[in-house]
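The lines below spell out each chain.
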Amino acid sequence: MNPVRLTGRAALSLTRGIGAVALFAGRGLFRLRPFYGRAFAGQLVQIGWLSLPVVGLTALFTGAALALQIHSGGARFQASDVVPAIVAIGMARELGPVLGGLMVAARVASSIAAEIGTMKVTEQIDALVTLSTDPMRWLVTPRLWAAVVTVPVLVGVGDIIGILGGWMVGTQSLGFNSAAYLENTKAYLETWDVMSGLLKGAVFGLIVAVCGCWFGIHSGRGAAGVGRATKSAVVAAAVGILAANFVLTGLFFE
Amino acid sequence: MIQIAGLRKSFGGKPVLAGVDLGVERGESLCVIGQSGTGKSVLLKCILGLTAPDAGRILWRGRPLDAASRPDFMSGFGMLFQGAALFDSLTVWQNVAFRLRQRMPDPQARAIAVEKLARVGLGPDTADLMPAELSGGMAKRAGLARAIADDPQVIFFDEPTTGLDPIRARRINGLIRGIVTETGATAITITHDMDSVRAIGDRVALLQDGQIAWDGPVSRMDHAQPLAGFLGNTPLL
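Note that the protein sequences, when read in sequence, are chains A and B. Okay, so the first sequence: first residue is 1 according to UniProt numbering, each after it adds one. Okay, so the second sequence: first residue is 1 according to UniProt numbering, each after it adds one.
Since the hints were made in silico from the structure, they are not lab data. Only a predicted model underlies this, so the values are computations on that prediction, with no experimental measurement involved. C-beta: ideal position from N, C-alpha, C; glycine also. Among the hints, erroneous ones may be present.
As a list, the in silico DMTMM-like pairs of lysine to aspartate or glutamate whose alpha-carbon atoms are at most 20 angstroms apart [claimed, not checked]: (1) B:14 x B:159; (2) B:45 x B:72; (3) A:186 x A:123; (4) B:45 x A:123; (5) B:45 x A:134; (6) B:45 x B:133.
These stretches of chain B come out as covered by chain A in the derived footprint (C-beta under 8 angstroms, 3 or more residues) [said to hold, decoys possible]: (7) 43-52; (8) 83-97; (9) 176-184.
Partial selection, computed: residues in chain B whose CB lies under 10 angstroms from chain A [stated by the list, open to error]: (10) 63; (11) 77; (12) 78; (13) 79; (14) 101; (15) 102; (16) 147; (17) 150; (18) 214.
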C-alpha cells in the first residue's frame with residue numbers, strides 16, 4: 001500500500017481516537033445530574049485513601065535517593081549544600097506528581113478498567129440501563145471527579161513525605177544540620193513550585209480515570225478481553241502522564 | 001401492550017433479525033424460543049434499547065418506543081438477566097432496592113427489598129451478603145427479586161434456567177409463574193428450555209432464520225411441526 005496513504009490513515013485513526021476519548025471525558029466530567037454522591041465518596045476512598053501507602057512509600061524512597069544523588073553529584077563542583085533546595089524543588093515540580101501519577105496509574109487505572117470491564121462482560125452495565133441508570137453518570141463521573149480531587153492531595157502528601165525522605169538521609173548520613181536543612185528547603189521552595197505540581201496531579205488524575213473507564217467500557221468479551229483492557233489502560237495512562245507532564249512543564253516553566 | 005413490526009438488525013453485513021413481527025398483550029406470558037445464535041438476545045436488547053435496530057418499529061401501549069416514551073417504558077419494567085447481573089460492589093439488598101433507593105430513604109427501601117427477597121425464598125440473612133457469596137441459584141433468585149422490586153408491568157426473563165440443575169430450574173420456573181400470575185404482569189421470556197416454556201408460558205414464538213417461524217399457544221405447541229426439533233419429536237441431525 002502507498003506509504004503516504006498508510007500514514008494518512010494512521011493519522012486519521014489517531015485523531016479520531018483522541019477525539020472520541022476527549023468527548024468521552026467531557027461527557028464523564030459534566031454529566032452531573034443526578035450526581036451519585038455515595039458512588040463518589042466510595043471512589044474517594046478507593047482512589048485516594050487506599051493509594052496513599054504506595055504513593056507515600058514511593059515518595060519517601062525517591063526523596064531519599066534524590067538526596068544521595070544530589071549530594072554525590074554536587075560534590076563534583078563543590079555544591080553539595082544544594083541538597084535541600086533541589087530535593088524540595090525536584091519533588092514538588094516533577095518527581096512528586098509524575099511518580100505519584102504513575103503509581104496511581106498502575107494501581108487505579110488497572111482496577112477501574114478491570115472492574116468496569118468485568119461489569120460489561122457480566123451484563124451489569126446492561127442491568128444499570130434497565131434500572132433507568134446512565135452508566136456514564138453512575139460509573140464514570142464519580143471516578144473522574146474522585147481522581148481529579150484526590151490525586152493532587154496525594155501529590156501534596158507525597159511532596160511532604162519525599163522532602164522528609166531527603167531530610168532523613170541528609171541529617172542521618174550526609175551530615176546536614178536538621179534546622180538548617182529545613183530552613184534551606186523553605187527558603188528556596190516557591191508557592192508556584194508546589195501549585196504547579198498539584199495542577200499536574202489533577203491532570204494526571206483525570207488521565208488515569210479516563211483511561212481506566214474508557215478501556216473498561218470498551219473491553220472485549222471474556223477474561224482475555226478484560227485482561228487486554230486492563231493492560232491497555234495502564235499503558236495508555238502511563239504514556240499519557242509522561243506526555244502531559246512534558247506539555248505542562250513547558251507551559252508552566254518556559 | 002408491546003408490538004414489534006418488521007424489526008431488522010445486522011452485524012457485519014450478516015442479518016440476525018430479518019423482519020421480526022411479534023406482539024404481546026397485557027398480562028400475557030410470551031416465551032421466545034430458538035436455537036443458539038438465532039437472535040433471541042438481540043431481539044431482547046432491541047426492545048430494551050441496549051441495541052439500536054436497523055429498521056422496524058417497536059410500539060409500547062400503541063406509541064412508538066423512542067427517546068420520548070422510553071423513560072416511561074423503562075420505569076415500568078423489570079429484567080432478570082441470564083447470569084443475574086447483580087452489582088458486585090453492592091450487597092444483596094442494595095441490589096434489590098437499587099431503583100427504590102433513588103426515590104426513598106434506605107430503611108424503607110431495605111424493608112421492601114427484604115420482602116421481595118422473602119417472596120423468592122431468600123431469608124433476611126441473605127440481605128447483607130455480597131453477590132459473590134451467593135450460589136448460582138440464590139443469585140438468580142436475588143436477580144428475580146430485583147426484577148420485581150418496583151412492581152413492574154412488564155418483566156423480561158433472559159434464559160432464566162441456564163446454568164441451574166433441574167431441581168433449581170423447576171424452582172425458578174415455579175417462582176416466575178407464581179409471580180407473573182400474582183402480579184398480572186406481562187412477561188417475555190427468552191429461552192431454549194422447553195420445560196420453562198411449559199411452566200411459564202401462555203404463548204410461544206419460534207425465532208428461526210431471523211424471523212418468527214411459528215407463533216401460538218403453549219397448549220398447541222406439541223402438534224406444531226416447526227417446533228418438532230425442540231420438542232424432541234424429530235431427530236435434529
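Comparing the hints with the structure gives:
Distance hint between residue 14 of chain B and residue 159 of chain B is unfulfilled; the C-alpha atoms sit about 24 angstroms from each other, more than 20 angstroms. For the suggested pair residue 45 of chain B and residue 72 of chain B, the alpha carbons sit about 17 angstroms apart, so the restraint of at most 20 angstroms is met. The straight-line distance between the Cα atoms of residue 186 of chain A and residue 123 of chain A is roughly 54 angstroms, outside the 20 angstroms bound, and the hint therefore fails. Of the pairs offered as hints, the one joining residue 45 of chain B and residue 123 of chain A holds, with about 11 angstroms between alpha carbons and a cut-off of 20 angstroms not exceeded.
Among the hinted pairs, residue 45 of chain B with residue 134 of chain A is consistent with the structure: their alpha-carbon atoms are about 16 angstroms apart, no more than 20 angstroms. For the hint pairing residue 45 of chain B with residue 133 of chain B, the CA-to-CA distance comes to about 29 angstroms; that exceeds 20 angstroms, so the pair is violated. By the rule of at least three residues with a Cβ nearer than 8 angstroms to a Cβ of chain A, the coverage given for the segment 43-52 of chain B holds, with 4 such residues. By the rule of at least three residues with a Cβ nearer than 8 angstroms to a Cβ of chain A, the coverage given for the segment 83-97 of chain B holds, with 6 such residues.
Counting residues of the segment 176-184 of chain B whose C-beta lies closer than 8 angstroms to any C-beta of chain A gives 0; at least three are required, and the coverage claim is violated. At a threshold of 10 angstroms, the smallest CB-CB gap from residue 63 of chain B to chain A is about 18 angstroms, leaving the interface hint violated. Checking residue 77 of chain B against chain A: minimum C-beta separation of about 7 angstroms stays under 10 angstroms; hint holds. Contact between residue 78 of chain B and chain A, as hinted, is supported at the beta carbon level, the nearest pair being about 8 angstroms apart and thus within 10 angstroms.
Hint status for residue 79 of chain B relative to chain A: holds, with the closest Cβ pair at about 4 angstroms, below 10 angstroms. Using the Cβ-Cβ criterion of 10 angstroms, the hint placing residue 101 of chain B at the interface with chain A is satisfied: the shortest such distance is roughly 9 angstroms. Taking 10 angstroms as the C-beta cut-off, the interface hint given for residue 102 of chain B holds, the closest approach to chain A being about 8 angstroms. Using the Cβ-Cβ criterion of 10 angstroms, the hint placing residue 147 of chain B at the interface with chain A is satisfied: the shortest such distance is roughly 9 angstroms.
Against a cut-off of 10 angstroms between C-beta atoms, the interface hint on residue 150 of chain B holds, since the closest Cβ of chain A lies about 9 angstroms away. The closest approach between the C-beta of residue 214 of chain B and any C-beta of chain A is roughly 28 angstroms, which is over the 10 angstroms cut-off, so the hint fails.
The structure is inconsistent with the numbered hints 1, 3, 6, 9, 10, 18, although it conforms to all the rest.
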